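Number of protein chains: 2
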Amino acid sequence: MFTDFTTEQIDEVLHEAWEAFQVYRKLSLAQRANFLRSIAVELENCGDALIQTAMQETNLPEARIRGEKARTIFQLNNYASFCEGGQWLDARIDTADANKTPAKPDIRKMLVPLGPVLVFGASNFPLAYSTAGGDTACAFAAGCPVIVKAHPAHANTSEIVANAIKKAAANCYLPKGIFAHVHGASWAVGEALVKHEHTKAVGFTGSLAGGKQLFDWGNQRKEPIPVFAEMGSVNPVFLLPEKMKTSSEEIAKLYAASISLGVGQFCTNPGIIIGIDNDDLKKFTNTLAAEIKKIAPAPMLNAGIYKNYVEKRGIALAQSEVTQIEVSEKKAGLNEGTATIASTTATEYLTNAIIQQEVFGPYSIIIKCADINEMIAVAKKTEGQLTCTLMATENDILQNEKLINIVENICGRFILNSVPTGVEVCLAMQHGGPFPATTDSRFTSVGADGIKRFARPIAYQNWPNALLPDELKNENPLAIWRTINGELCK
Amino acid sequence: MFTDFTTEQIDEVLHEAWEAFQVYRKLSLAQRANFLRSIAVELENCGDALIQTAMQETNLPEARIRGEKARTIFQLNNYASFCEGGQWLDARIDTADANKTPAKPDIRKMLVPLGPVLVFGASNFPLAYSTAGGDTACAFAAGCPVIVKAHPAHANTSEIVANAIKKAAANCYLPKGIFAHVHGASWAVGEALVKHEHTKAVGFTGSLAGGKQLFDWGNQRKEPIPVFAEMGSVNPVFLLPEKMKTSSEEIAKLYAASISLGVGQFCTNPGIIIGIDNDDLKKFTNTLAAEIKKIAPAPMLNAGIYKNYVEKRGIALAQSEVTQIEVSEKKAGLNEGTATIASTTATEYLTNAIIQQEVFGPYSIIIKCADINEMIAVAKKTEGQLTCTLMATENDILQNEKLINIVENICGRFILNSVPTGVEVCLAMQHGGPFPATTDSRFTSVGADGIKRFARPIAYQNWPNALLPDELKNENPLAIWRTINGELCK
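One line per chain: the protein sequences are A and B, in this order.
Just so you know, we're using my numbering here: the first sequence kicks off at 1 and counts up by one.
Just so you know, we're using my numbering here: the second sequence kicks off at 1 and counts up by one.
Check the hints yourself; a few may be wrong.
One copy or two, either will do: identical chains are not told apart, so a pair holds if it fits within one copy or between any two.
DSSO-like, lysine-lysine: derived pairs with alpha carbons at most 27 Å apart [to be verified]:
#1 K176 - K100
#2 K222 - K312
#3 K380 - K452
#4 K282 - K312
#5 K402 - K452
#6 K452 - K473
#7 K212 - K452
#8 K330 - K402
#9 K167 - K222
#10 K330 - K104
#11 K331 - K167
#12 K282 - K100
#13 K381 - K26
#14 K490 - K452
#15 K212 - K222
#16 K473 - K402
#17 K293 - K245
It should be emphasised that the hints constitute simulated quantities derived from the structure, not laboratory data.
All of these numbers come straight from a predicted model, not from anything done at the bench.
Please build the complete structure, drawing on both the sequences and the hints.
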């Protein structure tokens, strides 16, 4: 057990971060990339102690933890390369023109870091979206020091990773304040961290209640700061009629696996499946039920998350027009999540907000629509999502433009004939979406574009070449992509 | 006089905007660009009626209004070209890789519009930052319908421009809801507009009180929305010692003109000048005083702004350690602003928050520092700014790294040996800055990058080439810049 940080300790941490910012923001892209790569090396060096501790604290199986560690290391190296490449700086140069009236000055713009970034790790990703995860990597790449508020559910894992980051910082001769690791089980610690004057941005992955609270605190400050909270989704899946004619059983099998993957503890877990109430949907439902029955219950991340799952699922199933279809056959052990499928009518979905709420765990509800118009009504009623998925033939898509357009407008990632679980770490990834999926749909928390959450443009006007940052010098010493007088070039 | 819109009228306007959004967001970049160019043509067609009305409502001289009209037309055409170029879409393509474990899907990302954008025009830019100004052009380029809340101080000018936009929309066969013009002198109209469920973003240029209120309303919604408010600045100017040795009189003349330009009614007006208390600063002060004395008072935008200027200036001058240095020699007529120079000590600046507040009008205060350390202390105490300016030799810059770094960190545009007034409309421009200059330093309100305020990324996963938007198709039919598997190419 760790003791909550006091207000004095938090103040000290943020002052050190602020001092470190003055040094770190002036380091080159190559130096920032080197630091990220050094963290990756130190993380690798953590060896089995890290794996064992993470397994113990999260109940996640060894293969998953090892995979997540590899992913975290990949992210650090991938973002390091992108950081170094400099394309993300959006460097723009407009040269002077004395012949214009009034004379046009020389103006050059690039992104610079915001300042110390506060990161709240995710309970369901103890490595890839926690202490040295995506938010931390993005902030370091942007040029910002990081303060991690350790997730109380995996505080020891966090401590091991934090020490790896500190070792990497020392290897790179960075000031102490470049990284801090703060413990705090109470919300007061989070509030003090968000509201400290030296905190300049926040990254968060977790629940709607938690993320929205951080967002509100960020906006209530004397100087409001950006709070990027990724708060999960129900990730609706729309089953279109022609596709369902030939593939209902195949889709059901695919989705049984997706719904129960990682005991349903992914923010991209498909929680709502919308189909047209006909024989194909019945066949789909029956196959899904048969598959779900076979899925063995498995331990959830912790007792709190298990309790929450049982409670939220209970509330959903207690709604008058909701029917439980099937659950895992095998009896669940201590804190084990039982896969569960329910169904309801579109009418109920349209009038009962509870149905649309996320049940974090291996639970999914089928929404039966009378026809495509009712499916359109359901799409219209649906809030912002990280992902939406269509199971559809080309014909389904061409004939249902209205529906497709509505669905496209509510999601950050639009998937065709696949499952939403599995978030590829690549530049083209968008892991974000309209509220309540996130607090700002204009940014992503997966993929190197996430760096932009923590940077702002600055324009230099009338500076001599020698005094400009290297990124903006005439001779382009870093060989980065820049837009010069409207033309992108290297 | 115009009547305030009722809640019912506002609801109707937003519903029409929402319907129009479904059509407009699917139009090509070329079609959006065509609409912007058509607005430019219709604005040109407004002829003398527009000039006369704007002059009457704002007291601005004819040359200024004609210049501003030309600038507005330039902006519309410039943003049209940038929109069409497609570079701003940040298109990214990561192709599938079946050999990876798990298999990597095809993912492609680009920016899509947020939805109806609400624009509040600026009192001091009746054309370039009002009805068909920068925010409106950016929103249309992004693919968003626009609702303009007419500025009550130039409602007739706004009405003429609104009709030009409506004509252009009709020329382009766009749905009626693509643009709406709403009158409302009371704050209740603004509140209802910001809080309407179909409003998806807000652009604003004006006072801190007004912008912060819109920002709070935007965040208090069930679904928070981005509110980009540009709220002005005091635009500090730092006079460095070596430069002052040789150029104090020249700088004073340059700044007398900048302080009084447009009766000081620019958001980039230099309100605070920080120097080291020595003979050079005395020479500077004396020359500035002599110049200011010669500047004839001129009518301010309206009686309200005049009243506000007199009041705020009065409060500033009433502070115990503030001395009035000089005012315009000529007596002011009705609602005419008198150029005024004051001075105070760094100690007073550091302890009295009133000194740092913007006095909107031709007013500037000189902050006398004992030495460079006190200048550093002043920089540290200064809040976020649209611009900061250094008057400095290369030596001054090399020898005062600490000061330079602090100043750089608080501004959106960093000017060397020039004046902050005059905001070039170009891609490299950053017109924004840390709070309270704006509500989000990560965006700009001048230059085509301002389009990004109103767009969000969406990723398409596993879509066949034929069904993808043209921007993301393999064959790149629009010939736009895209990052494919990490490489930027066309």
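A quick look at each hint next to the structure:
1. Within a single copy, K176 and K100 get their C-alpha atoms no closer than 50 Å, and across copies no closer than 39 Å, so neither meets the 27 Å cut-off.
2. In this assembly of identical chains, K222 and K312 lie within 27 Å of each other by CA distance solely across copies; the values are 22 Å between and 37 Å within a copy.
3. In this assembly of identical chains, the alpha carbons of K380 and K452 lie at most 27 Å apart only when taken from different copies (25 Å versus 31 Å within one copy).
4. Within a single copy, K282 and K312 get their C-alpha atoms as close as 26 Å, which meets the 27 Å cut-off; across copies the closest is 72 Å, which misses it.
5. For the homomeric pair K402 and K452, the shortest alpha-carbon distance between copies (26 Å) is at most 27 Å, but the shortest distance inside one copy (33 Å) is not.
6. For a Cα distance limit of 27 Å, the shortest separation of K452 from K473 qualifies both inside one copy, at 22 Å, and across copies, at 25 Å.
7. Proximity of K212 and K452 under a CA criterion of 27 Å is satisfied in both settings, with 21 Å inside one chain copy and 24 Å between copies.
8. In this homomeric assembly, K330 and K402 never come within 27 Å of each other (Cα to Cα): the closest approach is 43 Å inside a single copy and 67 Å across copies.
9. Within a single copy, K167 and K222 get their C-alpha atoms no closer than 35 Å, and across copies no closer than 44 Å, so neither meets the 27 Å cut-off.
10. For a Cα distance limit of 27 Å, the shortest separation of K330 from K104 qualifies neither inside one copy, at 75 Å, nor across copies, at 33 Å.
11. In this homomeric assembly, K331 and K167 never come within 27 Å of each other (Cα to Cα): the closest approach is 46 Å inside a single copy and 69 Å across copies.
12. Proximity of K282 and K100 under a CA criterion of 27 Å is satisfied in neither setting, with 71 Å inside one chain copy and 35 Å between copies.
13. With identical chains, the CA atoms of K381 and K26 are at most 27 Å apart between copies only, with a shortest distance of 21 Å across copies and 48 Å within one.
14. Taking identical chains as interchangeable, the C-alpha atoms of K490 and K452 lie at most 27 Å apart whether they share a chain (21 Å) or sit on different chains (23 Å).
15. Proximity of K212 to K222 under the C-alpha cut-off of 27 Å is found in both arrangements, the shortest distances being 18 Å within a copy and 11 Å between copies.
16. Taking the shortest alpha-carbon separations for K473 and K402, only the inter-copy value of 21 Å comes in at or below 27 Å, while the best intra-copy value is 49 Å.
17. In this assembly of identical chains, K293 and K245 lie within 27 Å of each other by CA distance solely inside one copy; the values are 24 Å within and 85 Å between copies.
In terms of the numbered hints stated before, the structure departs from hints 1, 8, 9, 10, 11 and 12, listed from lowest to highest.
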